[in-house]
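Be aware that the sequence shown starts at 65, since it is given in this note's numbering, and climbs by one per residue.
Keep in mind that the hints were calculated from the coordinates and are not lab data.
Even glycine gets a Cβ: it sits at the ideal position worked out from N, Cα and C.
A portion of the hints provided could be inaccurate.
Unchecked claim - With a straight-line Cα cutoff of 25 Å, these simulated DMTMM-like cross-link-like pairs (lysine to aspartate or glutamate) come out: (1) Lys-333 x Glu-185; (2) Lys-220 x Asp-141; (3) Lys-178 x Asp-141; (4) Lys-199 x Glu-344; (5) Lys-286 x Asp-201; (6) Lys-193 x Asp-282; (7) Lys-120 x Asp-227; (8) Lys-175 x Asp-216; (9) Lys-242 x Glu-253; (10) Lys-199 x Glu-183; (11) Lys-311 x Asp-201; (12) Lys-319 x Asp-227; (13) Lys-172 x Asp-141; (14) Lys-228 x Asp-317; (15) Lys-193 x Asp-161; (16) Lys-286 x Asp-216; (17) Lys-220 x Asp-147; (18) Lys-196 x Asp-317; (19) Lys-229 x Glu-183; (20) Lys-319 x Glu-151; (21) Lys-173 x Asp-216; (22) Lys-173 x Glu-151; (23) Lys-327 x Asp-317; (24) Lys-173 x Asp-161; (25) Lys-178 x Glu-292.
What the hints assert, rightly or not - Across the chosen pairs, the derived CB separations fall in these ranges: (26) His-330 x Ser-145: 23 to 31 Å; (27) His-330 x Ser-226: 49 to 57 Å; (28) Met-245 x Ser-122: 14 to 22 Å; (29) Ser-118 x Asn-355: 31 to 39 Å; (30) Asp-147 x Phe-478: 44 to 52 Å; (31) Asp-227 x Lys-175: 43 to 51 Å; (32) Thr-160 x Gly-197: 19 to 27 Å; (33) Lys-182 x Gly-288: 17 to 25 Å; (34) Lys-120 x Leu-384: 37 to 45 Å; (35) Ser-122 x Lys-193: 13 to 21 Å; (36) Lys-120 x Ser-169: 24 to 32 Å.
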Amino acid sequence: MQFHRGEHFIVIVHKGGLMIFNYFILTLSFISLFTSIFYFLLYVFIDEEKKKSSYKPSVTIIIPAYNEQARISRCLDSVVSQDYPLEAIVVDDGSTDNTASIVNSYVKKYKNVKLIQKEREGKVPSVNKVLKGVKTDLFCVLDADTFLVGKDAVRKAVRYFSDKKVAAVLTALEVYNKENMLTLLQAIEYYITIFVRRVSSFFNGVLSTHGATFFRTDYVRKVGYFDENNLVEDMEIALRLIDHGYKVISVMDVKSSTYAPTKFTHLVKQRLRWYTGNLENIVKYRHLLFNKNSAGLGFFTIPLSLVWVGAFVYLFTRILYKGVSSALLQYSILRYLNFDFLFYLDQQFGPTVLGLVDVVNLISLSTFIMLLFLVYTLFFKGNLSRLVVSALFYLLVGTLLYGALWVASIVNVFVRERRPWLTEKTDVY
């Protein structure tokens with residue numbers, strides 16, 4: 065009798081735990097849905113801010129480069145064609161290809177282009193060394209595989225610094241090489257990020273800068289330059305600037321474009337570095353979480369980012385678990401039936417891979433992505449049929465891929481020894 069009571073108790077606890085877990089996932093789903101609607105309405109009802117200012121600061125473009133002979137010309141062409149006075153400094157970080165000779169051809173032709181050659185140290189030490197000698201009011205860190213779009217990009221960007229609280233201005237960074245499904249997947253992600261960052265700017269909640277960002281020179285020096293020991297220094301500097309009371313904003317009317325990794329292995333290495341670094345920086349700046357002085361960053365952006373990490377991890381692990389357990393069950397049934405496939409199909413054995421909770425969660429994720437995608441379609445007026453196909457690919461493949469990468473990144477956070485696979489060069493320097 066005692067055995068049966070204990071057995072009933074275990075069943076009740078098990079069912080109660082499942083019910084609580086299901087309610088948690090449903091809550092996560094509705095948070096995702098609410099967030100998508102919030103972002104959409106905020107974007108629709110707040111017009112793009114048009115800056116008209118007489119402020120004309122001096123500007124230096126810093127271009128760190130390592131073996132970028134195939135892409136450096138496009139980058140430099142976009143810089144020298146600007147209709148705003150500037151100085152461009154290319155830092156050749158020990159390239160073994162023709163990067164230096166290509167840059168030298170620009171040095172001979174344009175007086176405002178300079179080349180600094182040095183031994184291989186990495187991007188961040190290269191930028192910091194140049195930055196210590198910069199004398200201009202503003203500087204832009206422009207990756208060699210990235211270029212400014214339009215000859216008025218710099219002129220438009222500097223206007224936002226008329227607000228003395230602004231420390232960094234992010235351009236709207238798009239993917240240039242949309243040549244296969246892998247780069248299309250990344251293009252969708254970049255478009256969504258443009259939208260999210262722009263909306264986040266209204267409450268100073270931009271989580272990270274990128275490889276085409278303008279900075280106020282004095283402010284970056286005051287906070288201690290870029291962190292040379294950080295996996296994602298562009299995120300860390302954004303958090304540090306906001307932590308010191310400055311603004312980091314993202315704008316839509318200043319565009320830039322970059323080359324995305326074209327190989328799956330390169331994308332995996334890049335994202336492992338990004339995601340691991342993101343998590344480490346959130347841990348490092350955990351004091352910003354729900355801090356009244358951190359504006360929207362601590363009350364909205366960081367918590368929401370953690371929710372989305374949880375959603376991706378849950379979807380990946382849940383689908384993986386359901387898929388494996390279902391496959392094992394089907395194998396057991398087939399083995400019992402002596403692998404009589406026709407009889408097996410007639411009986412329609414086996415549970416579904418996704419339960420109701422999973423479907424609701426997928427719908428919420430899909431709604432979030434589709435709402436953002438709708439805004440992109442209306443704003444950029446892209447090819448709708450191609451966008452829909454790309455979006456479906458993103459939902460089917462991206463969710464599982466990024467879920468797996470987030471799981472691996474969480475593991476990496478707890479691996480304290482040196483992780484060379486996170487720092488080595490891939491497609492992108």
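Taking the hints in turn, this is what the structure says about them:
Between Lys-333 and Glu-185 the CA atoms are separated by roughly 19 Å; this keeps the pair inside 25 Å, and the hint holds. About 18 Å separates the Cα atoms of Lys-220 and Asp-141, which keeps this hinted pair within 25 Å; it holds. Taken as a hint, the Lys-178 and Asp-141 pair is honoured in the structure, with Cα atoms around 14 Å apart against an allowance of 25 Å. The hinted pair formed by Lys-199 and Glu-344 fails the criterion: a straight-line CA distance of about 33 Å is larger than 25 Å.
A threshold of 25 Å between alpha carbons decides the hint, and for Lys-286 with Asp-201 the separation of about 13 Å falls inside it, so the pair holds. Between Lys-193 and Asp-282 the alpha-carbon distance is near 15 Å, which keeps this suggested pair within the 25 Å criterion. At most 25 Å may separate the alpha-carbon atoms for a hinted pair to count; Lys-120 and Asp-227 meet this at roughly 12 Å. The hinted pair formed by Lys-175 and Asp-216 meets the criterion: a straight-line CA distance of about 20 Å does not exceed 25 Å.
Restraint check: the Cα-Cα separation between Lys-242 and Glu-253 comes to about 12 Å, which is no more than 25 Å; the hinted pair holds. Between the alpha carbons of Lys-199 and Glu-183 the distance comes to roughly 24 Å, so the proposed pair stays at or under 25 Å and holds. For the given pair, Lys-311 sits about 16 Å from Asp-201 by alpha-carbon distance, which is consistent with the 25 Å threshold. This hinted pair checks out: Lys-319 and Asp-227 have alpha carbons roughly 20 Å apart, not beyond 25 Å.
For the hint pairing Lys-172 with Asp-141, the CA-to-CA distance comes to about 14 Å; that is within 25 Å, so the pair holds. A C-alpha spacing of about 20 Å is found between Lys-228 and Asp-317, which places the hinted pair at or below 25 Å, so the restraint holds. A threshold of 25 Å between alpha carbons decides the hint, and for Lys-193 with Asp-161 the separation of about 22 Å falls inside it, so the pair holds. The suggested pairing of Lys-286 with Asp-216 is violated, with an alpha-carbon distance near 29 Å, which exceeds 25 Å.
Taking the CA atoms of Lys-220 and Asp-147, the gap is near 10 Å; set against the 25 Å cutoff, the hint holds. Only pairs whose Cα atoms come within 25 Å are accepted, and Lys-196 paired with Asp-317 is rejected, the gap being roughly 30 Å. Distance check on the hinted pair: Lys-229 and Glu-183 sit about 36 Å apart at the alpha-carbon level, beyond 25 Å; violated. For a cut-off of 25 Å, the pair hint linking Lys-319 to Glu-151 stands: about 20 Å separates their Cα positions.
Restraint check: the Cα-Cα separation between Lys-173 and Asp-216 comes to about 21 Å, which is no more than 25 Å; the hinted pair holds. Straight-line distance between C-alpha atoms of Lys-173 and Glu-151 comes to about 14 Å, which keeps the hinted pair within the 25 Å bound. A hinted pair counts as satisfied when its Cα atoms are at most 25 Å apart, and Lys-327 with Asp-317 does not qualify at roughly 31 Å. Proposed proximity of Lys-173 and Asp-161 is supported: the alpha carbons are some 21 Å apart, at most 25 Å.
A C-alpha spacing of about 23 Å is found between Lys-178 and Glu-292, which places the hinted pair at or below 25 Å, so the restraint holds. Between His-330 and Ser-145 the CB atoms are about 29 Å apart, so this pair conforms to the stated range of 23 to 31 Å. Checked against the given bound of 49 to 57 Å, the beta carbons of His-330 and Ser-226, roughly 40 Å apart, lie outside it. Distance hint for Met-245 and Ser-122: a CB-CB separation of about 43 Å, inconsistent with the stated range 14 to 22 Å.
Checking the proposed 31 to 39 Å range against Ser-118 and Asn-355 shows it holds: the Cβ atoms sit about 36 Å from each other. Checked against the hint of 44 to 52 Å, the pair Asp-147 and Phe-478 passes, with Cβ atoms roughly 50 Å apart. Restraint check, Asp-227 to Lys-175: a C-beta distance of roughly 32 Å breaks the suggested window 43 to 51 Å. Checking the proposed 19 to 27 Å range against Thr-160 and Gly-197 shows it holds: the Cβ atoms sit about 26 Å from each other.
Evaluation of the 17 to 25 Å hint for Lys-182 and Gly-288 yields a pass: the beta carbon distance comes to about 21 Å. The supplied range of 37 to 45 Å is broken by Lys-120 and Leu-384, whose beta-carbon atoms lie about 55 Å from each other. Against the hinted window of 13 to 21 Å, the Cβ-Cβ separation of Ser-122 and Lys-193 comes to about 20 Å, which satisfies the hint. At about 30 Å, the CB distance of Lys-120 to Ser-169 agrees with the hint of 24 to 32 Å.
In this structure, the hints that do not hold are numbers 4, 16, 18, 19, 23, 27, 28, 31, 34, in rising order.
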